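Q: Residue strings, one per chain:
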Amino acid sequence: MSKTLFEKIWDSHIVTEENGRSLLYVDRHLVHEVTSPQAFEGLRLNGRKVRRTDLTFATMDHNVPTSDRSLPIIDQTSSTQIKTLEKNCKEFGITLFDINSPNQGIVHVIGPELGITLPGTTIVCGDSHTSTHGAFGSLAFGIGTSDVEHVLATQCIMMEKPKTFEINIKGKRKNPHAVTAKDIILSIIKKIGTAGGTGTVIEYRGDTISELTMEQRMTICNMSIEAGARAGLIAPDEKTFQYLRGRKYAPENYDEYVNLWRENLKSDSSAQFDKSFTFSAENIAPQVSWGTNPAMTTDVTDIVPFPEEYGGGNTEEEKGAAKALQYMDLKPGTAITDIVIDRVFIGSCTNSRLEDLTEAAKVVKGKKVSARVRAMVVPGSQLVKKNAEELGLDKIFKDAGFEWRESGCSMCLGMNPDILAAGERCASTSNRNFEGRQGTGGRTHLVSPVMAAAAAIHGHFVDVRELDLN
Amino acid sequence: MKGSVIKYERDNIDTDVILPGPYLKIHDYAELATHAMEGLDKDFHKRVKPGDFIVAGKNFGCGSSREHAPIALSYSGIKAVLALSFARIFYRNAVDGAFLLPIEIDESAYKDISDSDSLEVNISANEIKNLTKNKVYKMKPFPELIGKIIEAGGLFNYKP
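As they're listed, the protein sequences go chains A and B.
Each residue of the first sequence is one higher than the one before, counting from 1 in the numbering used here.
Each residue of the second sequence is one higher than the one before, counting from 1 in the numbering used here.
Everything labelled a hint here was simulated from the structure, so no lab data went into it.
Bear in mind the structure is a predicted one, so any value in this text is a computation, not a measurement.
One or more hints might be untrue.
[Stated by the list, open to error] Calculated pairs, EDC-like style, for lysine to aspartate or glutamate (alpha carbon to alpha carbon, straight line, at most 16 angstroms):
1) K319(A) with E9(B)
2) K111(B) with E17(A)
3) K323(A) with E120(B)
4) K148(B) with E160(A)
5) K159(B) with E17(A)
All chains, please: the whole structure from these sequences, using the hints.
A: In structure tokens form, the structure reads like this:
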């Protein structure tokens with residue numbers, strides 16, 4: 001019987017099945033400081049151990065300050081959460097990349113760069129953006145703290161089998177430096193909506209996907225959760241195998257693995273998906289979100305929509321758009337390129353990898369950040385930071401007036417010192433523009449790294465297709 | 001279960017407004033509860049009473065995997081969220097930790113139920129009685145295994 005890639009990975013991980021729910025084996029468990037303390041406490045209370053310490057890896061990313069690492073952490077609750085993870089990892093025998101480790105970084109950045117993320121594996125993490133790892137053909141689920149405890153104790157997770165959803169992305173982008181993976185995924189979410197993928201595992205396929213680099217594929221899979229999907233998946237290919245070769249935790253007999261992956265990890269040509277959507281990337285424009293969820297996004301050449309037009313007769317959609325515009329303090333009909341910004345954030349598990357920074361630096365080189373803007377670049381990991389500095393990117397950003405900071409989740413989620421003040425407007429390369437996400441009363445516009453960089457220079461959004469990015 | 005309704009006529013109520021990021025560092029559940037719904041409704045914690053229900057639109061709980069979201073609602077007294085649909089991680093967290101019941105209702109029930117209505121929810125009969133309006137609505141039954149986990153009092157108490 002022909003199978004999809006998802007079904008192949010799913011079937012090969014079933015330990016037992018009952019009433020339509022399966023107990024799945026977990027190959028890799030990634031842990032961070034925010035969703036794990038109660039899970040470890042639960043183990044302790046019940047006298048349980050971590051079943052597979054060798055398959056469990058931890059780091060601290062959500063509430064670490066991104067300023068000078070030699071200084072103490074001022075926020076006591078953050079400091080406690082970080083120390084708690086250190087203590088738990090020591091007590092339970094788990095590998096931790098702590099705040100001073102050269103491998104510290106955002107959990108979804110370090111998994112792939114250390115070769116912890118491998119094709120055909122199952123990965124879980126107490127974080128919704130775990131879908132990122134799907135770019136490597138890994139079935140990766142975001143879970144809550146109860147499930148974190150369950151996985152720590154059993155190395156298994158109980159799940160109902162998700163439906164399969166194929167998104168075929170076709171066509172050659174005319175200017176791939178200006179129209180990025182971020183613009184592709186935002187355009188898709190705009191079309192299918194924030195619940196368009198609910199209950200499904202999305203497999204992204206098609207010639208556009210094949211053309212993307214691994215880092216770009218991660219940006220696509222990362223935002224699967226913003227469409228409500230349980231996971232996003234891309235079949236591994238030669239680029240995947242090349243990317244992981246020689247990484248710290250990649251297997252020693254690597255070529256044998258590659259042969260197995262190459263042979264097995266793809267959907268059969270006659271495999272049936274429960275749902276299918278075809279998308280042309282050929283003519284898409286750079287995207288800018290205007291509202292308070294990632295589907296509220298439009299072309300940079302467009303205007304802020306009128307709620308009644310956005311709703312298209314659906315009163316709930318119309319009300320939602322009106323509320324969003326009120327929060328965002330935007331007037332319908334305003335040109336997107338007339339929206340003036342106060343802050344720029346280049347970072348997060350969506351867009352903080354070396355290529356994101358390299359592309360953004362091309363826009364910035366030799367220019368100055370607008371006097372009205374405070375702009376920061378936050379590399380996704382210490383390794384990204386080191387590699388970027390070797391290329392001189394830090395100098396390009398700093399010369400232009402950007403802050404060049406230490407790795408972490410930073411201004412993506414408002415739980416460390418990097419936050420927006422109420423009323424501040426930010427061009428952000430992160431993944432969520434929810435109300436208050438980047439700080440109470442803060443206003444987020446989701447964009448690609450090149451769009452964010454250009455907005456920093458000009459003080460408002462500009463169509464990066466008009467810039468020379470080659 | 002009997003209680004009164006706090007209604008938000010909104011789709012996509014995300015976990016960042018249910019429990020904003022800065023409070024994810026709080027470990028004390030009672031303290032977490034004082035910040036429940038703060039991103040959307042600053043008066044929620046003053047208003048909510050033990051046994052209350054939240055009624056909301058589509059895709060309730062979308063976004064982050066933070067279990068703090070159902071925990072904060074639960075410890076503020078919310079027994080169930082009645083919504084048109086739920087985001088999956090929120091749904092799962094609510095059931096696994098036995099924090100609250102995520103109940104799917106249909107469009108007509110959603111429209112009919114008003115803020116402050118008194119409801120009686122009977123999950124064994126899949127029925128919601130509106131005591132204020134003297135009406136009965138059907139709720140979507142829980143899938144069999146979810147029902148068993150709920151009955152057991154969460155994932156850790158459930159024995160296959």
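Q: Would the hint linking K148(B) and E160(A) be met if the CA-CA limit is 16 angstroms?
A: holds (14 angstroms)
Q: Can you confirm whether the C-alpha distance between K323(A) and E120(B) stays at or below 16 angstroms?
A: Given pair K323(A), E120(B) is violated - Cα atoms ~31 angstroms apart, limit 16 angstroms.
Q: Taken at face value, is the distance from the CA of E9(B) to the CA of K319(A) at most 16 angstroms?
A: Holds, because 9 angstroms separates the two Cα atoms, which is no more than 16 angstroms.
Q: Mind checking the alpha carbons of K111(B) and E17(A) for me, to see if they're no more than 16 angstroms apart?
A: violated (39 angstroms)
Q: Is the straight-line distance between the alpha-carbon of K159(B) and that of E17(A) 16 angstroms or less?
A: Given pair K159(B), E17(A) holds - Cα atoms ~14 angstroms apart, limit 16 angstroms.
Going through the hint list in order, the structure does not satisfy hints 2 and 3.
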